[in-house]
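S.K.: Sequence:
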Amino acid sequence: MPAAGTSTKSDERRRAIAAAAIECFGQKGFYGTTTHEIAEWVGISQPYLYRLYPNKEALFAAAVDHVSVVMTETLVAQSPTSDRARLAPEAALDAARDAYAALVADRTILRFLMHANCAAGEPLVGQAVRRCYAKQVETVQQLLGDDDAVRLWFGAGMLDNVVAVLGLADIDEPWAHVLTAR
10 MPAAGTSTKS DERRRAIAAA AIECFGQKGF YGTTTHEIAE WVGISQPYLY
60 RLYPNKEALF AAAVDHVSVV MTETLVAQSP TSDRARLAPE AALDAARDAY
110 AALVADRTIL RFLMHANCAA GEPLVGQAVR RCYAKQVETV QQLLGDDDAV
160 RLWFGAGMLD NVVAVLGLAD IDEPWAHVLT AR
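For reference, each letter of the sequence shown is one residue, going 10 to 191 in the numbering used here.
In case anyone wonders, no lab produced these hints; they're calculated from the structure.
Be aware that one or more of the hints could be misleading.
Computed list of lysine-lysine pairs in DSS-like fashion (alpha-carbon distance at most 30 angstroms, straight line) [as the list claims (entries may be wrong)]:
#1 K144 / K18
#2 K18 / K37
#3 K144 / K37
Have a look at the derived ranges for each label pair, beta carbon to beta carbon [to be verified]:
#4 D103 / R24: 10 to 20 angstroms
#5 A185 / R140: 26 to 36 angstroms
#6 E21 / T117: 36 to 46 angstroms
#7 A185 / G41: 25 to 35 angstroms
#8 Q36 / A97: 36 to 46 angstroms
Where is the CB? At the ideal position from N, CA and C, for every residue including glycine.
Model the full structure from these sequences, guided by the hints.
M.R.: Here it is, written out as C-alpha coordinates:
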(Lines of atoms letter the chains of each structure in order from A and count residues from 1; the text may use other names and numbers.)
(Lines give C-alpha, C1' and ligand atoms only; values in the text may rest on other atoms or scores of the structure.)
Protein backbone atom coordinates (compact mmCIF):
# COMPACT_ATOMS: atom_id res chain seq x y z
CA MET A 1 0.00 0.00 0.00
CA PRO A 2 1.43 3.42 -0.92
CA ALA A 3 2.35 5.79 1.89
CA ALA A 4 -0.14 8.50 2.77
CA GLY A 5 0.08 11.40 0.35
CA THR A 6 1.43 9.34 -2.54
CA SER A 7 -0.48 8.13 -5.50
CA THR A 8 0.55 5.10 -7.47
CA LYS A 9 -2.25 5.82 -9.92
CA SER A 10 -0.94 9.37 -10.54
CA ASP A 11 2.56 7.98 -11.08
CA GLU A 12 1.19 5.45 -13.58
CA ARG A 13 -0.74 8.23 -15.32
CA ARG A 14 2.38 10.38 -15.50
CA ARG A 15 4.30 7.51 -17.13
CA ALA A 16 1.46 6.96 -19.62
CA ILE A 17 1.33 10.68 -20.35
CA ALA A 18 5.13 10.83 -20.82
CA ALA A 19 4.94 7.93 -23.29
CA ALA A 20 2.09 9.62 -25.18
CA ALA A 21 3.91 12.95 -25.12
CA ILE A 22 7.05 11.37 -26.58
CA GLU A 23 4.95 9.78 -29.32
CA CYS A 24 2.99 12.95 -30.14
CA PHE A 25 5.89 15.38 -29.83
CA GLY A 26 8.05 12.94 -31.83
CA GLN A 27 5.59 13.21 -34.71
CA LYS A 28 4.81 16.93 -34.73
CA GLY A 29 7.31 18.60 -32.42
CA PHE A 30 6.75 20.96 -29.52
CA TYR A 31 5.12 23.67 -31.58
CA GLY A 32 2.91 21.41 -33.69
CA THR A 33 1.48 19.28 -30.88
CA THR A 34 -1.41 20.33 -28.66
CA THR A 35 -1.99 19.18 -25.11
CA HIS A 36 -5.48 18.20 -26.24
CA GLU A 37 -3.90 15.64 -28.64
CA ILE A 38 -1.78 14.20 -25.86
CA ALA A 39 -4.69 13.99 -23.43
CA GLU A 40 -6.80 12.33 -26.12
CA TRP A 41 -4.00 9.82 -26.87
CA VAL A 42 -3.87 8.80 -23.19
CA GLY A 43 -7.63 8.85 -22.78
CA ILE A 44 -7.81 11.59 -20.16
CA SER A 45 -9.30 15.04 -20.11
CA GLN A 46 -7.17 18.07 -20.89
CA PRO A 47 -8.02 19.61 -17.46
CA TYR A 48 -6.67 16.45 -15.79
CA LEU A 49 -3.49 16.75 -17.85
CA TYR A 50 -3.13 20.32 -16.56
CA ARG A 51 -3.57 19.07 -12.99
CA LEU A 52 -0.46 16.95 -13.48
CA TYR A 53 1.54 19.43 -15.60
CA PRO A 54 0.99 23.19 -15.38
CA ASN A 55 1.60 23.76 -19.12
CA LYS A 56 2.84 22.18 -22.34
CA GLU A 57 6.41 23.30 -21.70
CA ALA A 58 6.50 21.51 -18.32
CA LEU A 59 5.05 18.38 -19.94
CA PHE A 60 7.65 18.46 -22.72
CA ALA A 61 10.45 18.97 -20.17
CA ALA A 62 9.15 15.98 -18.17
CA ALA A 63 9.18 13.90 -21.36
CA VAL A 64 12.82 14.94 -22.00
CA ASP A 65 13.70 13.92 -18.43
CA HIS A 66 11.98 10.56 -18.99
CA VAL A 67 13.93 9.96 -22.22
CA SER A 68 17.16 10.90 -20.43
CA VAL A 69 16.54 8.16 -17.85
CA VAL A 70 15.74 5.65 -20.61
CA MET A 71 18.93 6.64 -22.48
CA THR A 72 21.08 6.23 -19.39
CA GLU A 73 19.55 2.87 -18.49
CA THR A 74 20.00 1.62 -22.07
CA LEU A 75 23.62 2.74 -22.32
CA VAL A 76 24.53 1.18 -18.99
CA ALA A 77 22.59 -2.04 -19.60
CA GLN A 78 24.08 -2.60 -23.05
CA SER A 79 27.63 -1.60 -22.28
CA PRO A 80 30.21 -4.29 -21.70
CA THR A 81 31.22 -2.70 -18.37
CA SER A 82 32.79 -5.82 -17.01
CA ASP A 83 34.97 -6.07 -20.13
CA ARG A 84 35.70 -2.33 -20.39
CA ALA A 85 39.25 -2.67 -19.08
CA ARG A 86 39.92 -5.29 -21.75
CA LEU A 87 38.32 -3.36 -24.62
CA ALA A 88 40.47 -1.21 -26.83
CA PRO A 89 39.25 2.41 -26.92
CA GLU A 90 37.83 1.96 -30.42
CA ALA A 91 35.96 -1.20 -29.39
CA ALA A 92 34.55 0.55 -26.30
CA LEU A 93 33.37 3.42 -28.50
CA ASP A 94 31.76 0.96 -30.93
CA ALA A 95 30.00 -0.77 -28.03
CA ALA A 96 28.65 2.57 -26.78
CA ARG A 97 27.49 3.45 -30.31
CA ASP A 98 25.76 0.08 -30.59
CA ALA A 99 23.95 0.73 -27.30
CA TYR A 100 22.78 4.11 -28.60
CA ALA A 101 21.72 2.54 -31.90
CA ALA A 102 19.58 0.06 -29.96
CA LEU A 103 17.89 2.95 -28.17
CA VAL A 104 17.10 4.96 -31.30
CA ALA A 105 16.02 1.90 -33.26
CA ASP A 106 12.64 3.18 -32.07
CA ARG A 107 12.50 6.20 -34.38
CA THR A 108 9.95 7.84 -32.07
CA ILE A 109 12.64 8.49 -29.45
CA LEU A 110 15.06 9.70 -32.09
CA ARG A 111 12.52 12.12 -33.59
CA PHE A 112 11.53 13.28 -30.12
CA LEU A 113 15.17 14.04 -29.25
CA MET A 114 15.59 16.00 -32.48
CA HIS A 115 12.45 18.02 -31.71
CA ALA A 116 13.73 18.57 -28.17
CA ASN A 117 16.91 20.14 -29.54
CA CYS A 118 14.80 22.38 -31.79
CA ALA A 119 12.60 23.51 -28.87
CA ALA A 120 15.54 24.22 -26.54
CA GLY A 121 14.80 27.94 -26.86
CA GLU A 122 11.85 27.43 -24.52
CA PRO A 123 13.29 27.95 -21.01
CA LEU A 124 12.04 24.75 -19.29
CA VAL A 125 12.72 22.66 -22.38
CA GLY A 126 16.22 24.09 -22.73
CA GLN A 127 16.97 23.27 -19.10
CA ALA A 128 15.70 19.71 -19.55
CA VAL A 129 17.70 19.21 -22.76
CA ARG A 130 20.86 20.48 -21.05
CA ARG A 131 20.21 18.12 -18.10
CA CYS A 132 19.80 15.29 -20.58
CA TYR A 133 23.09 16.08 -22.34
CA ALA A 134 24.87 16.48 -18.99
CA LYS A 135 23.63 13.07 -17.84
CA GLN A 136 24.66 11.43 -21.11
CA VAL A 137 28.12 13.02 -20.95
CA GLU A 138 28.51 11.75 -17.39
CA THR A 139 27.32 8.26 -18.36
CA VAL A 140 29.53 8.00 -21.45
CA GLN A 141 32.52 9.31 -19.46
CA GLN A 142 31.98 6.49 -16.98
CA LEU A 143 31.72 3.96 -19.80
CA LEU A 144 34.61 5.22 -21.93
CA GLY A 145 36.69 7.09 -19.35
CA ASP A 146 38.10 9.62 -21.78
CA ASP A 147 36.86 13.11 -22.76
CA ASP A 148 38.07 12.69 -26.35
CA ALA A 149 36.12 9.43 -26.62
CA VAL A 150 33.03 11.20 -25.27
CA ARG A 151 33.32 13.86 -27.99
CA LEU A 152 33.81 11.15 -30.61
CA TRP A 153 30.74 9.28 -29.30
CA PHE A 154 28.58 12.41 -29.47
CA GLY A 155 29.88 13.27 -32.94
CA ALA A 156 29.29 9.74 -34.18
CA GLY A 157 25.87 9.76 -32.51
CA MET A 158 24.86 12.92 -34.35
CA LEU A 159 25.90 11.31 -37.64
CA ASP A 160 24.03 8.13 -36.65
CA ASN A 161 20.95 10.30 -36.00
CA VAL A 162 21.08 11.75 -39.51
CA VAL A 163 21.62 8.31 -41.06
CA ALA A 164 18.71 6.85 -39.09
CA VAL A 165 16.18 9.62 -39.52
CA LEU A 166 16.83 9.88 -43.26
CA GLY A 167 16.81 6.10 -43.72
CA LEU A 168 20.19 6.20 -45.45
CA ALA A 169 20.89 2.51 -44.80
CA ASP A 170 18.19 1.78 -47.38
CA ILE A 171 19.49 4.21 -50.01
CA ASP A 172 21.87 2.76 -52.57
CA GLU A 173 23.66 5.96 -53.55
CA PRO A 174 27.37 6.74 -53.24
CA TRP A 175 26.82 9.77 -50.99
CA ALA A 176 24.63 7.70 -48.64
CA HIS A 177 27.29 4.96 -48.53
CA VAL A 178 29.84 7.55 -47.38
CA LEU A 179 27.64 8.53 -44.43
CA THR A 180 26.60 5.00 -43.46
CA ALA A 181 30.08 3.44 -43.42
CA ARG A 182 31.31 2.50 -39.95
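S.K.: Hint by hint, note whether the structure agrees.
M.R.: Consistency of the hints with the structure:
| no. | hint | in the structure |
| --- | --- | --- |
| 1 | K144 / K18 | holds, 28 angstroms |
| 2 | K18 / K37 | holds, 28 angstroms |
| 3 | K144 / K37 | holds, 26 angstroms |
| 4 | D103 / R24: 10 to 20 angstroms | violated, 32 angstroms |
| 5 | A185 / R140: 26 to 36 angstroms | holds, 34 angstroms |
| 6 | E21 / T117: 36 to 46 angstroms | violated, 20 angstroms |
| 7 | A185 / G41: 25 to 35 angstroms | holds, 28 angstroms |
| 8 | Q36 / A97: 36 to 46 angstroms | holds, 40 angstroms |
Of the numbered hints given earlier, the model fails hints 4, 6; all others are met.
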